[in-house]
Amino acid sequence: MTVPGAVWVYAERHRGAFRPVSLEILGHARGIADALGAKLVTITVSSGEDSARELARYGADEVVAVGHPLLTRYDTKVFTGLLENELRAADPSVLLLGATRDGQDLAGRLAVRLRTGLTAHVTSLEVDAGGQLVGWVPGFGGGIEAGVVCPKRRPAIVTVRPGVFLTPAPGASASEIRVVRPALDPGSFGSRRVSYEPKGGTVDLTRSEVLVVGGRGTDGDFARLQRLAHCIGGEVGATRVATDSGWIERERMIGQTGVVTRPKVAVILGASGAVQFTVGIEKAGFVIAVNRDPDAPIFEMADLGIVGDLAPIVDRLVQELGEA
Amino acid sequence: MPTADAKPLVWNDELWEELCRETDAAACYQCGSCTATCPLADRGQLNIRQLIRLGAFGDGTSDPGSSAPGLWACTTCAQCNLGCPRGVDVVEVVRHLRRRGWRRNQVPSGLRTLLWAEFQDGNPYRLPPSQRTGWMRGLEGPAAGSSDGATTVLYVGCTASYDPRAQRTARAVARLLAAAEMPFRLLGDKELCCGETPRALGVDGLFRDLSARTAEVLHSVGANRVVTVSPHCFDALKAGLSKEVEVVHYSQLLDELVSAGRLKASGYHPGLLTYHDPCYLGRQHGVYEPPRRLLESAGAKLVEMPRTRRWALCCGGGGGNMWRESEVGGRLADERVTEARETGASVLATACPFCVTCFSGAKTAGRGTVEIVDVAEILARAVGVPS
Amino acid sequence: MRSVVCLKVVPRPEEVRVNLESKTLERAGVRSVINPADLNALETALALRERHGGRVTVLSMGPPSFEPYLRVALAVGADEAVLLSDRAFGGADTLATSYTLAQGVRALGGADLVLCGEESSDGGTSQVPQGLAEWLGCSQATYVDELQVPTPGILRARRILEDGTETIEVPLPAVVSVVGGANEVRFIDYDRWAMAQQAAVRVIDSVALNADPASLGLKGSPTVVAGLREVRKPGRRREVLTLEPEEAAARLVEELHRLGVTPT
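Protein chains in written order, with the numbering used here: chain A, 1 to 324; chain B, 1 to 387; chain C, 1 to 264.
So here's chain A without its partners, still in its complex pose (with noise of 0.2 Å):
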């Protein structure tokens, strides 16, 4: 890279708010952009203005705020290019968005109309001795993470999970705020929305500070990590086995395929501990698990554990939590 370009991140609109993940983004963008000595700039997407006034609070030196009456929902074509012109134009060396699936859809795509390169649902971002912005992604053998760079293409483009980084708080309004107003009517879109249904009751264990996992040895039955969680306040999460057996919904699958967690407190209940799923599980603060075999791999990430049925564990305990 010649010329420093600046730092680009991608705030996502969801139904009237900013997706999490684009806030966690933008806070842990402002120190990389400090150390590649490179300005912040934020863009986002929207039918109106507010958006960019609430944007214009955590920390960039601007804001791009894309508005058109008609850009109430996500759309591949529209997206795409929207944000290929802004960056053509702009030249920056990074852009980074959250791994939502809209946001995957579209860094894919952008990724491609710009044939440059593309890193994927980093756990960190850094910037190394020599001024290169690395991507650590995890390896799949576990215990390795991988260090990508993007030496010569811009902007590097890098997807970051929700989760990853921390919510930073808004401060005083403080960015700048540039307002583009593209010419778009109903035939610049690709697609049609059919309709949305949103799901009751939205699960973010990704904010959850106690969580109560569940695995094969639940056999099925998560009323009882219900009554558990409901007594710790926290919130149930599941395996891949969990949820691909259909005991419960693929939203709550904890992992590498599913979503990374940092709760306060985990508890474990028949899981052994496949590395697949404990990537999304070992940023807890405290791990007790409980499981029948005393050699399950869970046991060497956990502080306390237990061996045992966690069947009567778990009924004695919400008993005895229920009358205390």
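Worth double-checking, as some hints may not be accurate.
Here are the simulated lysine-lysine pairs, DSS-like style, with alpha carbons at most 30 Å apart [as the list claims (entries may be wrong)]:
id	chain 1	residue 1	chain 2	residue 2
1	A	LYS264	C	LYS219
2	B	LYS243	B	LYS301
3	A	LYS283	A	LYS264
4	A	LYS283	A	LYS199
5	C	LYS219	A	LYS77
6	A	LYS77	A	LYS199
I should point out that these hints are in silico values taken from the structure, not numbers from a laboratory.
Fit chains B and C to the given chain A structure using the hints.
Okay, now just chains B and C, sitting in the frame of chain A:
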């Protein structure tokens, strides 16, 4: 008058001819003795006679024989074969009808995933093949198997390899063989599933594929005898391997070793004990006495349940039901454990990992009722080797 | 309906070992499987073929050792298997991979629908389907669990998003990424097994692919693995106890109270 929703059934020559070619169904004269003998029939879950009948029909759009309720509830216990006056292998007919279901992709949900696990992971648990030797923890010396010259392979099987409870049985068998100075080989993580579940579910192709791959591995280590932990592996390997390899169940081999004085049991008296004949050891292969002799040599006083030997009530685990969390299995196990308790015995012994798992999970089992133990573990305690 | 399903063969995650010095994967003796989500994509394609007719081709980019896995796909029900294989394709990141696959689809004469698993279990980026769509210049629908063709030329796709499901319509041709677990994949049809073993798997190299060499493999990959490091896991207490339910519950209540999460 037929009810409004009774779609006309048309005799399907092709289906009937195939049924007759691949099974003994042509001999069936629809007497219903099989249904009368079936432990699931009086629970209204399975009508074998009707299944065989439907196997000859199609209605143009579907094959009622392969989608009939109850077809997938069958545990392949083979009690029906005891009742048939015409000598039909009824279980084979069930497998054949299940095969049709696979051809039409009409099978209960969960079974396709199970088969993919067998195919890709080499076990029905979807656990990594590299963890197959986890059961060997703590085994040392000859109990960990030997390679020089041993022509007998101890075939552990998926359940004893991966399930913590069943792993204890495998360790007991290994230590008993070592105590008897009976050298044996282990296949390690090259051991594949014996294919009993695909076979029971009617997926013959996968069963044959697994058998062929197992035969290759056995050949490469020069094995001429295989001793299994599970009666299901015993049955499947007997059916799938050529006659060049002798297949025995551990109870048969240990019985020989005890009779020959190579294993001395003493010092452990489990008291009043009842023995459950696993379907795949007892009824289907006539192995009733060796496990009983082993228990007696361990000092147990045996009391028989009313339904004993070839009339033993299935634990509910066979026929693919182990992995389906089906109601079927649950009720059979509950009943059998109650029957065991009612003999006054404090221990229910058996020689099959499926039975141990099913009985342990029965609602009527639990603390203060009967202790459920595998024969190998009882013998191990009497011989003085740990498990 | 002409469908192409992209398949990737991935090493079993628990068996992969990384060589820290050479920054490469130790492949010797490691077992592989077809990427699970790709099987869900295949099932989606086969179900569509049942309703609308047409052909399903499986396409993969990899070494010759991928062939047996393509034959498995044939035995499951695919009509044809094609392998893009050439040393020049090696070391590709998402940009080069999606480019190569797009050229592969073109070499097949194009398709109405290209399906991929949402991401691959070997640390996949989940970006190949979108990249493919861009190279092919067609519509995309990502994180889909259900597809329909309500009228010729229109694809209706149900997308599974974080907090809801969105159903959209896009014009065909389209590239779709199918979520893992979207359906229960039909098992191998053993009546097709012999045919699958004997079928000709079409192998296409970089020359036959008519591709721009600068866009292939390592050369065509803007991202590079610069380093590997071991993950520093927080030190855990690892206190493991075997307790009866009553004692276990008491111990847990103690700990939970200390952590401040017990009901007050």
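The hints, checked one at a time:
1. LYS264/A <-> LYS219/C: Violated: LYS264/A and LYS219/C sit about 45 Å apart, past 30 Å.
2. LYS243/B <-> LYS301/B: 37 Å, violated
3. LYS283/A <-> LYS264/A: Given pair LYS283/A, LYS264/A holds - Cα atoms ~9 Å apart, limit 30 Å.
4. LYS283/A <-> LYS199/A: 27 Å, holds
5. LYS219/C <-> LYS77/A: 28 Å, holds
6. LYS77/A <-> LYS199/A: Answer holds: LYS77/A to LYS199/A is near 26 Å, not above 30 Å.
Violated hints, in rising order: 1, 2; the structure is consistent with all others.
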